[in-house]
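Chemist: Please model the entire structure based on the sequences and the hints provided.
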Amino acid sequence: MATLSDEALKQKIEKGHLIETTEEMTEGYKKALIQILLVQADTELMSAPSYYMAARSAPSMNTRLSAYAVIQDELGHAHITYQLLEDLGMDKEYLIYGRKPHEFKNPYGFDQPLETWVELVVANAYFDRAGITLLGDPFENTSYGPWKRSLVKIDKEELFHLRHGEVWMKRLCEAGGQAKEEIQRAADWMFPMGVEWFGMPDHLKRHTAQLEYKLKGKTNDELRQIWLSAVVPLSESCGIHVPAHFDEAQQEYVLDYEFPVDYDPSQKRWKFDSPVSWDQVFERWKKRGPYNEIYVKSIQKHYKDFMAMLNGGN
Amino acid sequence: MKLQETYEVFARQWRKDPLQHVGTVVAPNGDLAAAFARTIYNEEAWVEMQVAARKNFIPAIEIREEGK
Ligand SMILES: [Fe+2]
Ligand SMILES: [Fe+2]
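Chains A and B, in that order, give the protein sequences. Residue 142 in my numbering sits at position 142 of the first sequence, with consecutive numbering throughout. Here my numbering = 1-based position in the second sequence + 1000.
By construction, these hints were calculated from the structure, which means they are not laboratory data. It is possible that part of the hints are untrue.
Pairwise CB distance ranges (calculated) [to be verified]:
no. : chain 1 : residue 1 : chain 2 : residue 2 : range
1   : B       : Pro-1059  : A       : Lys-15    : 53 to 59 Å
2   : A       : Asn-311   : B       : Arg-1038  : 24 to 30 Å
3   : A       : Tyr-303   : B       : Pro-1059  : 42 to 48 Å
4   : B       : Ala-1060  : A       : His-203   : 48 to 54 Å
5   : B       : Lys-1016  : A       : Lys-105   : 38 to 44 Å
6   : A       : Asp-87    : B       : Ala-1034  : 17 to 23 Å
7   : B       : Gly-1030  : A       : Arg-149   : 21 to 27 Å
8   : B       : Asp-1017  : A       : Pro-59    : 37 to 43 Å
9   : A       : Tyr-303   : B       : Lys-1016  : 20 to 26 Å
10  : A       : Ser-5     : B       : Pro-1059  : 47 to 53 Å
11  : A       : Arg-149   : B       : Pro-1059  : 56 to 62 Å
12  : A       : Ser-266   : B       : Thr-1006  : 16 to 22 Å
13  : A       : Ala-179   : B       : Lys-1016  : 19 to 25 Å
All C-beta atoms, glycine included, are put in the ideal place defined by N, C-alpha and C.
Modeler: Written out as structure tokens, the structure is:
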């Protein structure tokens, strides 16, 4: 199969053609595909140690079991996605065990400590909702066949994580008192984290290779709206305040603060009165959050020793 | 040298169904590939699951354009 020009490939994709092998890709397509898959794989992988940190404070056998089931799913999702990368010529072992912590591409939210079981509940409700939103798009729209098919299982399991978060969030808020206060405290730092998850607004960055190659079908702002339209009503129905509301005139969700703003990870606090530029946000992301190294090392720690042992010590 | 082999995983949920491709695992041998497949692709109560080394696949028809 002769390799097409970038333009010819885009036209073909526009007509709904699914790409199946690397031979059909242009360099540009492959590069953009690797980039988007790496973000997904790293996000799936790093959700595991952060959920595990929170799961250790699960209050009962049942809640612990559900938390571990979520973690098992996430490791499975990571495995599947790194496998897709391996089929594109990347080295899976290197990607997981050879890279430095700051080279992982997971969002800033998974560089943060999840310190309580309540934070896990809110993470399942907010962060897994971000995951479903971001993966539901390629499931529907992507031009890469193997990725689309891999998302059948992943989407199904993400829905279970989301339900786990939503059900417990409602239950804890119904209990009121300290339970509801803890949910509110978690929402205070995790909601804006979710807003930021979707990246730069469209008026600053619209046309990307990922959209042109139809690796995904929706823009950052469209995805953010989908997320807000689920998370804001959920929070409100629980009596949890989040800084966003539905604007009747604009017929969309709007934030009640100037976006983006500064974040203090040591206090887990957004400084809503300190708006910053996107360059400053990228700077903060690049510096990484407080648990980036801890999480990556917890994954990599035993790999080398084990491989040496498996290969007879040489 | 690669000590690991890539295996394709096939499963079906009902006896009336054909086996379908559900994923891929990498393992040092077939037994471990089967064990990994059972735990990673546990999203359904399958009635059957098989793994096969990718290197043993023989393309009878290479991937080609649809409708040709
Ligand atoms: Fe996941
Ligand atoms: Fe998840």
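Chemist: Evaluate the given range 16 to 22 Å for the C-beta pair formed by A:Ser-266 and B:Thr-1006.
Modeler: violated, 44 Å
Chemist: Has the hinted range 48 to 54 Å been met by the Cβ atoms of B:Ala-1060 and A:His-203?
Modeler: holds, 51 Å
Chemist: Kindly confirm whether 38 to 44 Å is satisfied by the beta carbon distance between B:Lys-1016 and A:Lys-105.
Modeler: Hint holds: Cβ distance 43 Å, inside 38 to 44 Å.
Chemist: Quick check on a hinted range of 42 to 48 Å for A:Tyr-303 and B:Pro-1059, using CB atoms only.
Modeler: violated, 34 Å
Chemist: Has the hinted range 56 to 62 Å been met by the Cβ atoms of A:Arg-149 and B:Pro-1059?
Modeler: Violated, at about 18 Å.
Chemist: With respect to the beta-carbon atoms only, verify the hint that B:Asp-1017 and A:Pro-59 lie 37 to 43 Å apart.
Modeler: holds, 41 Å
Chemist: Does the Cβ-Cβ separation between A:Tyr-303 and B:Lys-1016 fall within 20 to 26 Å?
Modeler: For A:Tyr-303 and B:Lys-1016 the Cβ distance comes to about 43 Å; the hint is violated.
Chemist: So does A:Asn-311 sit 24 to 30 Å from B:Arg-1038, Cβ to Cβ?
Modeler: holds, 25 Å
Chemist: A:Ser-5 and B:Pro-1059, beta-carbon distance inside 47 to 53 Å?
Modeler: violated, 26 Å
Chemist: A range of 17 to 23 Å was offered for this pair. Does it hold for the Cβ distance of A:Asp-87 and B:Ala-1034?
Modeler: Hint holds: Cβ distance 21 Å, inside 17 to 23 Å.
Chemist: How does the Cβ-Cβ distance of B:Pro-1059 and A:Lys-15 compare with 53 to 59 Å: does it lie in that range?
Modeler: violated, 25 Å
Chemist: Evaluate the given range 19 to 25 Å for the C-beta pair formed by A:Ala-179 and B:Lys-1016.
Modeler: Since A:Ala-179 and B:Lys-1016 have Cβ atoms about 47 Å apart, the given range 19 to 25 Å is violated.
Taken one by one, the earlier hints fail for this structure at numbers 1, 3, 9, 10, 11, 12 and 13, listed in ascending order.
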